[in-house]
Every structure is written in structure tokens, then in C-alpha cells.
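Participant: Spelled out, the chains give:
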Amino acid sequence: MSYINKPKFKHPQLQTNDIGLTRRDYEGTLTTLCGGCGHDSISAAIIQASAEMSLEPHRIAKISGIGCSSKIPSYFLSKAHGFNSVHGRMPSVATGANIANKELSYIGISGDGDSASIGLGQFCHIVRRRVNMLYIVANNGTYGLTKGQLSATADLGSRTKSGEESLFDNIDLATLAIELGASFVARSFSGDKKQLVPLIQAGLTHKGFAFIDVVSPCVTFNNTDLSTHGYKNTWENHIVLSEVDFVPMREEITTSYAPGKEKEITLHDGSVIHLHKTGSNYDPMDKENALHHINAYKKQGKIATGLLYINQTTSDLHELQDTVDKPFNSLGCHELCPGDEALGDINNTFR
Amino acid sequence: MSELIQTSKVSSITRTNDFVVKFANINGSGSASANNMFAKSIFRMGIPVSPHNIFPSNIQGLPTWYEVRVNEDGYLGRREGIDLMVAMNEQTIKKDIDSVVPGGYVLYDSSKTLANELLRDDVNYLPIPLKDICLREFESPTQRQLFKNIVYVGALSAFLNIDFKILTEMVSDQFRGKEKLILPNIHALELGHHYASDNFDCPLTLRLEKSDKNANKILMDGNTAIGLGCVYGGATVAAWYPLTPSTSVVDSFGKYCKRLRIDPGSGKKKYSIVQAEDELSAIGIAIGAGWNGARAFTATSGPGISLMQEFMGLAYFSEVPVVIFNIQRVGPSTGMPTRSQQGDLLSCAYASHGDSKHILLFPSTPKECFEDATAAFDLADRLQTPIIVMSDLELGMNEQICDPLSWDDNREYDRGKVLNAEQLEDIEKFGRYLDSDGDGIPYRTYPGTHASKGSYFTRGSSHDAYAAYTEDGSIYAEVMDRLVLKFKTALNYLPQPVVSTHTNSKFGILFLGTTISAMQEALDMLAKKGITLDTMRIRAFPFHENVTQFIDNHELTYVVEQNRDAQLKSLLKIECNANEEKMHSILSYDGVLPTAQHIEQGILESMQQLQSDDKIPA
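These protein sequence lines map, in sequence, to chains C and G.
Residue numbers for the first sequence follow the working numbering, beginning at 1 and rising by one.
Residue numbers for the second sequence follow the working numbering, beginning at 1 and rising by one.
Check each hint, because a few of them may be wrong.
In silico lysine to aspartate or glutamate, EDC-like type, Cα no more than 20 Å apart, as pairs [unchecked claim]:
(1) C:302 to C:192
(2) G:217 to C:340
(3) C:79 to G:426
(4) G:269 to C:325
(5) C:6 to C:40
(6) G:210 to G:251
(7) G:270 to C:288
(8) G:258 to C:335
(9) C:79 to G:428
(10) C:207 to C:192
(11) G:213 to G:73
(12) G:268 to C:335
These aren't lab readings, by the way, just hints derived from the structure by calculation.
No experiment lies behind these values; they were computed from the predicted model shown.
When you get a sec, could you build the whole thing from the sequences and use the hints?
Facilitator: Rendered as C-alpha cells:
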């Protein structure tokens, strides 16, 4: 970890993207997480994903809860507003923020303690409410900031560094999200940037609630051979259900794949996801089928990763509530206040 | 065939436009709208009237009461002693009849004979065979049940001299669009009126005469007024969890939004209401929306306030505007959920761990509910902190006569210190928590305003003037001190206390909120005994300087409030450094409003004590 300021120096030959920004423009402050923490790879993946997509950093809002995971928003997109809120309550803050301005993109960052324990209720309800955002859980199976207690995503029998064994079944946020109606659910591994970056890009572009469970090992407290959330187990046992390529709307689609194994999904803005299924009977558009595959792998001790489920037909919260096109935070007095004459009529109904 | 029953043997109260009628009903029997019609007809006759629901936390079956005080002089607080009881509930009839003052009246359903133990020889009975009449006249079981209530209102109109035309007009108003309901309702009213007129000397000596006291007034409940205030105050986001007695705030907001907040071009909504999974989420949504520049609120009561504490501390420390309506009920814990109290003063003033403090507004009438609601959104934006509007069940859920609501069409919302893209362009380095103006209020930006300037990281952890995390104690202390300064600045924006002073009065009364209902009557009763007191009604916390002066300027100040622990007095001690010896508490905490008699008695007892202690001359 480090608490020095990040140097402002930019290499003169840094590549710029379509809106003239370099990768540096998407970075945040220097990380204060432990060296090798999986969470830093998530920051890096978000930086790469948004730089490649030429997103305007200030049109993104980053919202988190409390915990190691929830520090991540400091470490990417410093030109974006961030909100490090209350433990387990990021979903409600993100919901309110999203209602206030439908035009921004929202990235919620949470952890397994934050979303699967103290905030499990809020997690379930933000999924139900179809808030248009990308919700990432940096999932390490442990409470890092309080030095290594088991979390609710720790698998049965998994052991922490101190040797404590999980006596309970884990909560799988990805399958829970699918069951509760999330329209984009993925799982990835912080060590697999090639997989994670296109998933983030697709999740950011997807209209509706997009969820990515990122297994992100805690190098300090939960990285032993007996931990199912450590690097070793995750490398050895993560199975790619579907590989994803993300092709932004503006780019010509040039790649082609062998028939039968590929699926092309056009997102609402015209971007395209190329999906290469590795399992023969797997269908990420079919909820029951997706759940069946994830659970079947889990029984074998395997972690199913990739784009697990996608549904392009659901409406988001604003569509469900039929709100005006203009963001609420831009509506002024003359658009919101009915005036004295209307109040006079209302008074008359109370006489 | 009905028998003429005369009640002349017992003395009977002779009074016009000054009495209390109480309806004892069973929850869920449809009495509420009939009773409401009774009260409103008196209002329309121009006579001051105040109805109070005393209801159980129940949907069907438990006892419920509706107490209506009529008073030509405008004393509309509760008064002890019932002049006329409409005894419709067999579960409580003994107690109900016992509560009638000698010479008073009991209206009951005489389809069944009244048990001997219920017969008092000092009250007048008004037997009406409600059930028999309804069985005879109506077909459906629902009508037979519901119209009993309408029949007794019809009978009361004969007994008390209610203008029958007003009643029939009200029925027509109420069922506009459901025309087939109008005739049977009017028929039921007539049945009651005819039965009473045919069998008793009508009107009674207890009666109403038309007056002109309600010219231009309205009859509204506080929660309706708050909901309207949220519409007028520019709220676009309401996040809430259903909780008695706050629920009707959001009901009202939703009702008026449907009417007033639909975009005429697109038909889309300029508002969002989210029924959250709990109060934590409700306030989190409101804070998220406030952070992002929308005006947002939540409405709740004591148990919700307890759950919202952590978020309230976050909003205080990270300086996010949010408006909370606390419609107080009786605690602690579940307490008496359908009774009223001013029991959350301390828990709201200092809600959340650490040194946190919040701005409170204390409305006392529906009109003030409306005004405080609209002001709360300006205050929240101006001061960048939670604003808690402290209503209570009495004010929130009971209709009250008040001046009509008004809005100045020249008024613009005060969105506070928010920098736009052009302003940011002119700034070298934006500091979210930089006190550039020296008033403790920093400048903020909405997310998405400027491509390279104005972004910051909002956090509940310690931060410096540029919103960066810090564990430097001196920087933390600077921020905490600036928040104190901000609260001093807040006084420039908060409503002043309402003061009434007499010359040479040694005694003062301090109070807030619904205690107002009994205050004028209590003061007039004391004045008749030669005791004059200065009054101060507090409208906001933190307190203005003149609150301290008021206590200093009087030998003794009575602090009248509706809780056990004298929470307002505690606040005065903590915040105004007020001398405990100079304050005397008059408390009530039985869940209903204090009566004028209660306040008078408290003051008289205290004065007698002072005299016997030789503290004041006899």
C-alpha cells in the first residue's frame, strides 16, 4: 500500500481514445489496498473498459458501501463523482441517485460482506427494482478490513488464514440475482482481465440491472490453499461458461466464429456482444438453464464464470415508473410547482 | 311503531355551539366517513370544530372513538367531559356512558334493550332503533351495516340542529360520480332525522346555531398539507416505508402528484415514489437522490427514525440535503402506535453516533405543515444537511381548521450553493468542503456537471476541505467546527419563535407543535384568575438567541411538552445554557393532547408551591 500522491506526469506518447483522453484520464488515486489485492485488478479492468469505450469519465457516478471493496471507487475515474456511503446500503443510495438523474451511468461497487450479509436485503431489492446500473461485487469470502472473518459467500468447508472453517452453505449472489430478476448476470475472476473487461463493457452498456460477481482474492487473509476464494482454487476451478467479446456500437464487426457455438446479442445502443458458449447445452438467455449449469458446476467444486444470464427485454425502473425524459435534478420551480391558482382550487376541496 | 320517549326528568345541559360529542364505534364498521360528515357539516355551518380520531392499531374489531369539540370561541383543544356520547360499541359501552357529564346525553341503538347496569339517572338517553330501521329499509347486509352510521348522523342533525341541507350537499359532493349511492345515503339521513324529530323534542337544549367563524378557512389534516407542501416545494423523489402515522404523507404526495405533476406533453411523471424495503433503504434512496441534485424526502415515525440514524449521521457529516418528516407517535419501541407524543425531540436533534446534530422544524397547524414542508427543501439545499419536520399523530391525522394554504407565485426555489459548469470553469481548484464564504456552508456540485472540474468523493469518513480522506485530527476538528458555524448560519434561515408578551409578566410559557391546541384556552382561563403569562412558541431547532433571552427575562418559564422526560427542557439546558431553576415542566404523555385544564392546573399548582415556599408573594 502507499499513501504518496500519484505523479501527475503523463507520457507524451500515450495513446488517446475517440474523445481524446488517455488511459491516465480514467485512473483514480493510488491504491491503499494490500499489494496483490484482487480488488486493484478490478479497478484496472474498469479503467481499461471505460477508456476503450471512450466514456466521458464525469458522466459516470461511482457509489459504494463500506469495506475494502468499497474503497475501490477512489482508485478509478477520479473525474467522476463518488459516494462511499454506509455499510450494506450502497443499493439504496445508488437507487436514489439513479432516480435523480437518468442520464448518467452508475457503477456500484460492493463486497461480499457489504452485499451478502449486512446489505443482503438492499441487494435483493435493488435487483427487484431494475435500477439501470452496473453492480460489481468484489467477492473474497472474507472481511478484510476487520482482519479475516468469514463472510457469507465463503463456501462450506472453506478455511481462512487463521484456520476458521465455514460451517454454513454460501450465499451465491449471482444465482440470487438471476432468480430475483436481474437482466444481466456475470461472474468473473479478478485475475482474468481478458474475461472481466468485456463483461464490464457489456454490463455498462446493458440497459437495466447488470451484476458481476468478481471472485477477487484477499491476499492477506483468505488466500490459503484451503480457501475456495484464494488464487489457487480460483485458477484451478473456474470454468468459463461463455466467453464474451464486446463490440461497441461504432466499430465494424469483423470477427467471425464457428457456427453453433456463438451467439450475437445486440444491446440497446447498438453495441454487440459476441458470446462463445463452451458448454454445449448452455443457454444464457434461459434463466432455468443458466441456474442449472451454475449449480451443476458448483456441485463439482467448480466456479462457473462468464456471462451467465442475459435478458434484453425487461424495462428499467424509470421505464416502469414512466418518468419524464428530463433528469429530475434539472427540473426547476416552474416545472414542478403548480402555483397559487391550483392551490386555491385545492383549498376549496377542504371547505 | 315507536314509542315517544321523553327525557325531561333529568336535568339537561343547555349550551349552544359549545360542547363535546364523542362517537364510540367498532373499527372497520364504516363509522369514520359518517363521523367525518358530522364534523364537516358543523364546519360548514361556520362553527369552530375540532375532530380527533382515537383509534386502535387494528383493521377490524377493536374499539375506536371520534371526539368532536365544538366551540364558538375557537378553543379547539381537547376538553375533558363528554356532553353527548354516541354509544355504538358494546365492548366499551359501560365506560363510554360513564364518561358522560351529568345532564349529558347518550345516543344508543335501542334495537336491543339497554342493560340495567348501563342506566344512569343523571344523563339523558336518546334511544334510536338503528338496526331495526336499517333492517326494514335496506336490502343488502353491507348497507344494513353501513347505514346505521348514516342514520345516527341524521338523528344528530335533528337533535343538534344541524342544517340538513348542508348534510345532503355533502353526500352529493362525496359521491360525485357514484350517483346511485347518493339517494340511499340521503334516505338514511332522513330516516334518522325523522325518527328523532318524531320521538323527541328536537332540537335539544344542547344545540348548534349557524355562525360565521370559519369564513375563508379550510378543514385539513397535517399529513395532507405536508404531501401538498412536498409537491409545491419541488420534491421529485419520495422514498418511504409504510408506518403509522406517517403513511398518509406519501398518500397525499402521490395523490396530488397524479393531478399536478404529469408532464402535459408526454403524459410522463415528474416524480418518483419508491416504497422501500425498510426505513434504512428509504432514507438511503432520499440521500442518494439529494446528493445527485433532486429534492427528496422520506416520511416516517419513531421506529423509522431509530432505523435511519446511521444514514442521518452520514448526511450530516458528508453534507447531503435530505428532508425527513417525522410524524411522531408514542414510544419507546412499538409503544402506542396510534397515539400521539412529542417524544422524539432528543433522538432527532442528536440522531446518529458521534457529534451529530440536526435541524428541526415544529409545525403546529396544517398551514404550517405546508409551509414548513416547502421551506424544508429550501433549507436542506441551502444548508446541505438533513431537515427534520417534527409533526405528530394529532396534527398529522386529524382535521383542523386553519387558514387556507397559499403560494407566492414569485417565489423561486433556493437551491443553495451549487456550482454549474461555467462557474467551475472560473475556479482554479474546487474544494467541496472549503468554507469560501466564511459562513460554514461550502459549495457543492452535482455529478456530471463538468468534464474535468468539480468531481469529488463523498464519504462518511473524515475528510479535508477537498473531500480527501484524512486521519489528521486537526483537520477533522476543523470540519467539525465548521459544521457548528454552519448551524449558527442556519439561524438566519430558520423561522423565528412566535412570541406574545405582556408588560411586567414574571412568568413565561415555552412550547411547540400541537401543544398550541390547548394554549389559548389555558391562558384565558388563567387570565380570568388574574394570572398573565408571556408565551413563546418555538418553531425550529437550533434555537434562536431570543429563546435564551426569554428564559432569562422571566422569573420562571413553564415548559409545556408532550413527553415524560422533559426533552424540550433538556434541549434548552444543553443548547441555551438555560438555568434549570428558571424552568418548570408541565408534561403530558398519555398519548392524547393535553387539555387546557391540564396546563392551567399545572401552572396553578406550581404557583401555589412557589407561594408556600415564599418564592413569590401571595
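Participant: Which hints from the list above does the structure break, by number from lowest to highest?
Facilitator: When the structure is compared with the hints, numbers 6, 7, 10 turn out to be violated.
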